[in-house]
Amino acid sequence: MAIIVNLDVMMARRKMSLTELSEKVGITMANLSILKTGKAKAIRLETLEAICKALNCQPGDILEYIEA
Amino acid sequence: MDIRLSKKITLGALILVCIVFIIFSVAVNGYTPGPLFKFNGTKYKYAETYLKPIDPSPPDNLLDAESQYNNFVDSVKLRRRIKNGNAEQGGNSVSWLSLGTQADISCDTCGSNWFWSRVKTEIKTGRFQTAPVQSYLSLLGWKLKATAYENPHLDSVVFHVEHNQAYVRKYAIISPAVKGEKDSVYYRYGLIDEPVKFHYDPYDKSLLIPVSKTVTLTVSYFSYGIALILFCYALILIGIFIRFVLDISKGHVFTNKNLRTLRLIAITFLVSPVVMFIFNLLLGFIFRSYFTEDVVLSKATWIEAWKSISIGLIFLMLYKAFSQGKKLKEEQEFTI
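Protein chains in written order, with the working numbering: chain A, 1 to 68; chain B, 1 to 336.
Source of the hints: derived by calculation from the structure; they are not laboratory data.
For glycine and all other residues, C-beta sits at the position ideal for the given N, C-alpha and C.
You may find that some hints are simply not true.
[To be verified] Simulated crosslink set (BS3-like; lysine-lysine; CA at most 27 angstroms straight-line): (1) Lys-320/B / Lys-41/A; (2) Lys-39/A / Lys-15/A; (3) Lys-39/A / Lys-205/B; (4) Lys-36/A / Lys-197/B; (5) Lys-326/B / Lys-257/B; (6) Lys-307/B / Lys-205/B; (7) Lys-41/A / Lys-326/B.
[Unchecked claim] So these bits of chain B aren't anywhere near chain A, every CB distance computed over 10 angstroms: (8) Ser-57; (9) Leu-63; (10) Gln-68; (11) Lys-145; (12) Lys-257; (13) Glu-304; (14) Ile-336.
Based on the sequences and whatever the hints tell you, model everything.
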């Protein structure tokens, strides 16, 4: 897919673990893992909002478009 | 879904199928209730009537004449069957492959009396009587152009054997072109007997290629082998279809396994008539030296093919619907 999820990069920058993020965002570890590994087909705006709030970043910091 | 509930649904569906089958059988075969009468302890379904007949019966001598006429017609037909080599002795065929073997009595001088005396001796002695037999390969996918025995027309071709030589009787040009008025050309048509290498079975509508007994034995083993493989394949298909139905009843609907099952069934039903057609063409190519212009591919092959193609298309549509369902399910599952 041409959309790359840079969630692991942002988590490393904020020094936040997967467990901590899942608790803050309110989604399961399994779903967060799907998102992190790039297997997700779609992301809800409310999930994106919660992640941005937890990581204190912009949606563009998490999602990146690379031309295939 | 709860397993108990799914079991109940499956059981209910089975009972429903059984009821529908019984109703359908009765509807197709017909149900004729009749009064039961007991006579000397034996049950009779229908009562006899002692009323006088509505119309007068034909006199006995006329019935004898009719019987004699029918016997004569039967004896002529039987004699022709023996002469043509269509009095079947045995054989087998795999109809899906349109290939079979046949061993027929082939005798130019034998009549109906000879045949029936032979049958009587067989019944009396309980032993099989040897007779002049010719072995054939029967090509069920090929037939003669048209076989209008009673009302021959210009395209009709009639197969017959005289003095152990096979012929087709047909209309053909029997005189050179004659010029008519205004540059028109006339041809004179007439019935001719054209010698052919093949034989023909008008009852099965199949072309018979005379071969040795060894060839028919080899083809028989080949046919049995293919039939066994096809039977096993059909069993596997039925098995995976039952598994597919059970999976759906358990709630596992849009899975890769179900998609593979539907695709396999669809491909089988769609490809089988094509394979059959190619196999028929291959047989035609192998035995092309026996064929004449009057031999054509049987239409029955296509009539059967439509059924298979229709079922295949239904399964293909199901496959498409299920693959779309799987896509939607994945989208829903992987939406975070």
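- Item | Unsatisfied constraints (hint numbers, rising) | Result: hints 3, 4, 14 break, sorted rising.
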